[in-house]
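K.L.:
Single-letter residue listing:
Protein chains: 2
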Amino acid sequence: MTRFRFEIAQKDARARTGTLHLARGSIRTPAFMPVGTAATVKALRPAEVEAAGADIILGNTYHLMLRPTAERIEKLGGLHKFMGWTKPILTDSGGYQVMSLSALTKRSEDGVRFASHLDGSRHLMTPERSMEIQRLLGSDIVMAFDELVALPAPREAVEAAMQRSMRWARRSRDAFDSGAEHAERSALFGIQQGGLDERLRAESASRLIEIGFDGYAIGGLAVGEGQAAMFACLDYAPEQLPENAPRYLMGVGKPDDIIGAVQRGVDMFDCVLPTRSGRNGQAFTRDGPLNLRNARHAEDLAPLDATCGCPSCRTGVSRAYVHHLVKSGEMLGAMLMTEHNIWFYQELMQALRTAIASQRLDDFAARVLSRYNARAAS
Amino acid sequence: MTRFRFEIAQKDARARTGTLHLARGSIRTPAFMPVGTAATVKALRPAEVEAAGADIILGNTYHLMLRPTAERIEKLGGLHKFMGWTKPILTDSGGYQVMSLSALTKRSEDGVRFASHLDGSRHLMTPERSMEIQRLLGSDIVMAFDELVALPAPREAVEAAMQRSMRWARRSRDAFDSGAEHAERSALFGIQQGGLDERLRAESASRLIEIGFDGYAIGGLAVGEGQAAMFACLDYAPEQLPENAPRYLMGVGKPDDIIGAVQRGVDMFDCVLPTRSGRNGQAFTRDGPLNLRNARHAEDLAPLDATCGCPSCRTGVSRAYVHHLVKSGEMLGAMLMTEHNIWFYQELMQALRTAIASQRLDDFAARVLSRYNARAAS
Chain X
24 MTRFRFEIAQ
34 KDARARTGTL
44 HLARGSIRTP
54 AFMPVGTAAT
64 VKALRPAEVE
74 AAGADIILGN
84 TYHLMLRPTA
94 ERIEKLGGLH
104 KFMGWTKPIL
114 TDSGGYQVMS
124 LSALTKRSED
134 GVRFASHLDG
144 SRHLMTPERS
154 MEIQRLLGSD
164 IVMAFDELVA
174 LPAPREAVEA
184 AMQRSMRWAR
194 RSRDAFDSGA
204 EHAERSALFG
214 IQQGGLDERL
224 RAESASRLIE
234 IGFDGYAIGG
244 LAVGEGQAAM
254 FACLDYAPEQ
264 LPENAPRYLM
274 GVGKPDDIIG
284 AVQRGVDMFD
294 CVLPTRSGRN
304 GQAFTRDGPL
314 NLRNARHAED
324 LAPLDATCGC
334 PSCRTGVSRA
344 YVHHLVKSGE
354 MLGAMLMTEH
364 NIWFYQELMQ
374 ALRTAIASQR
384 LDDFAARVLS
394 RYNARAAS
Chain F
24 MTRFRFEIAQ
34 KDARARTGTL
44 HLARGSIRTP
54 AFMPVGTAAT
64 VKALRPAEVE
74 AAGADIILGN
84 TYHLMLRPTA
94 ERIEKLGGLH
104 KFMGWTKPIL
114 TDSGGYQVMS
124 LSALTKRSED
134 GVRFASHLDG
144 SRHLMTPERS
154 MEIQRLLGSD
164 IVMAFDELVA
174 LPAPREAVEA
184 AMQRSMRWAR
194 RSRDAFDSGA
204 EHAERSALFG
214 IQQGGLDERL
224 RAESASRLIE
234 IGFDGYAIGG
244 LAVGEGQAAM
254 FACLDYAPEQ
264 LPENAPRYLM
274 GVGKPDDIIG
284 AVQRGVDMFD
294 CVLPTRSGRN
304 GQAFTRDGPL
314 NLRNARHAED
324 LAPLDATCGC
334 PSCRTGVSRA
344 YVHHLVKSGE
354 MLGAMLMTEH
364 NIWFYQELMQ
374 ALRTAIASQR
384 LDDFAARVLS
394 RYNARAAS
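Taken in order, these protein sequences are the chains called X and F.
Letter by letter, the first sequence follows residues 24 to 401 in this note's numbering.
Letter by letter, the second sequence follows residues 24 to 401 in this note's numbering.
These aren't lab readings, by the way, just hints derived from the structure by calculation.
None of the values given here were measured: they were computed from a predicted structure.
Mixed in with the good hints there might be a few duds.
To give an idea of the interface, some chain X residues facing chain F are shown, with a C-beta separation under 10 Å as derived from the structure [to be verified]:
| id | residue |
| --- | --- |
| 1 | Pro91 |
| 2 | Ser341 |
| 3 | Leu348 |
By construction, the Cβ of each residue, glycine as well, lies at the ideal position given by its N, Cα and C atoms.
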């Protein structure tokens, strides 16, 4: 059984394409992971997510620990069996949602106390508890528990959170390794912090490398700093991390964010954008995003995207019909748009992998972005 | 091209099984028609409705005339193309929804004036306008426009509505027949009225037969009178209608309603129950309905119904998972439950057809109902 192996097949400048091998399956990189927050990629069946080309999905530790609880999922045979997804699952540490969704949060060196946004019940999340939950879920890629700061923040706050995150990374590593059987068939990723400060990022990377992880996430970006600032950070952050390990940019992003990050050496992404947009009437297309609520689509017989391979675009579902569904608040609108958007993202990743493999990524990116940005969103 | 032909293959006491042939496909009877109100069977793709075994669906004239409008659907190529459903569609006349959903309704001999529940816009629905809308939609089975009374009502009110409905049936017939091309490839059904009064039902039937229709609906039932009263009416109403034409009981019903009506000679049904229940957390099973919100399902690894052929039951989706989805307000819960319920209804109809074909309907019905009613719903 392969516990974890990352093979880089081809490089193109800083970009890489390859395969991440895990016990439950292989992940083609660069990879986009659809978000399956509460044990479901919203509005899609597992087979539909797989058909779109996703090799791995993400589950949210915070949501699952509260409902139905990690203990119940473990009792029922683990998250894969529970939701009917057989391929790998990456779980986040819960840290981000604890800070952004829960109430009455109180941080200390031990961890974070918080009240559930569902029922006000009180919980303590620590690196050890996060590892335990992710083990109970049966996660394939476990994320270390870290502390976050919203940018902009004083350098001292950014540094303090980074330093604490590195201490928590050590505790995460130790707790993960103590989960004998689970540790033998899953992987643990550390998370680099340090905001937009190159020196702090470098120190964070060194500390993580010293501990040693299977993969390395770049955390604390895409939190409001803007694309230019994010790309400036990505001009150095990925290369501070081990060359031969996968690099995961958490919570990113828009298609152009992903393209720019792949050019800068990132291998893995997750974002709620394709699924959330699908529920809000926004479709991604090769000519930029479309707002299907817009009345100009009401009699348009064109598909969402003529070159898209999703079942709707392939079988002639029209913008006029999707417009009608969205305007009418019909669930089918969210279903078809979410499916389309997940296909769009997966087809983009496949095209990026192909472009890197043939060492023409920059040309490809320029062409895709030129077309994507040519029209104003409408 | 077959415009309309109804073949009764086998009878079993008053029950019949056969095939209704239409230009767009054949319908096995007794048939259950899933309701696709606003150009979508809620939460299901057309291919999923078809896979469940549905030969025909129902579209709501009232909803479609308001949004996206019949004129727009006609411009876009008709309802079938619009929603991607290639098999037959029956459209109701709009009368029921005009009276139950709209505001400021005002009835006259000409028709019904009303204000849209969506935007307050004013409309006039007449037999002629109803036929025009159903023609613009491209309906395969068009329903005559009739007037309804809520039961209980004074006999005079029931009779007056029946008499007016018969005058409107005549106008519906004339208007339908003037829709040249559409009239040549679709069918028109009259609707028997008369409440729970056998003599009024008989008079209504005679008037409809005199006009002549392809099929005959039994209207004005399942409006609160209770199953016993409905069955008492069905002990005479179907036999007042032509033996060799299909009989359609509108808006019915629960599984036991359908079984009893089939035993009394009804061939076609429609009801929102399987789809609406699916969105409300209720699953139909051979052991009676289940409320998946109930905490007792939280750790139950059994499928919704072990003998059901729907994709969820076939692939091991557990009650525990569906419970979680429903409790979490996840769209996938409504999707899977709706699909399951449509399968349950279609499998029931198939079993009824088989039982009639082998002339053992009463035994079959007794066995099914005994099991269905053995446990309290939970």
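K.L.:
Against each hint, give a clear statement of whether it holds in the structure.
P.N.:
Structure-based check of each hint:
1. Checking Pro91 of chain X against chain F by beta carbon gives a least distance of about 5 Å; that is within 10 Å, so the hint holds.
2. Taking 10 Å as the C-beta cut-off, the interface hint given for Ser341 of chain X holds, the closest approach to chain F being about 7 Å.
3. Checking Leu348 of chain X against chain F by beta carbon gives a least distance of about 6 Å; that is within 10 Å, so the hint holds.
Going down the numbered hints, you'll see the structure goes against none, and every one checks out.
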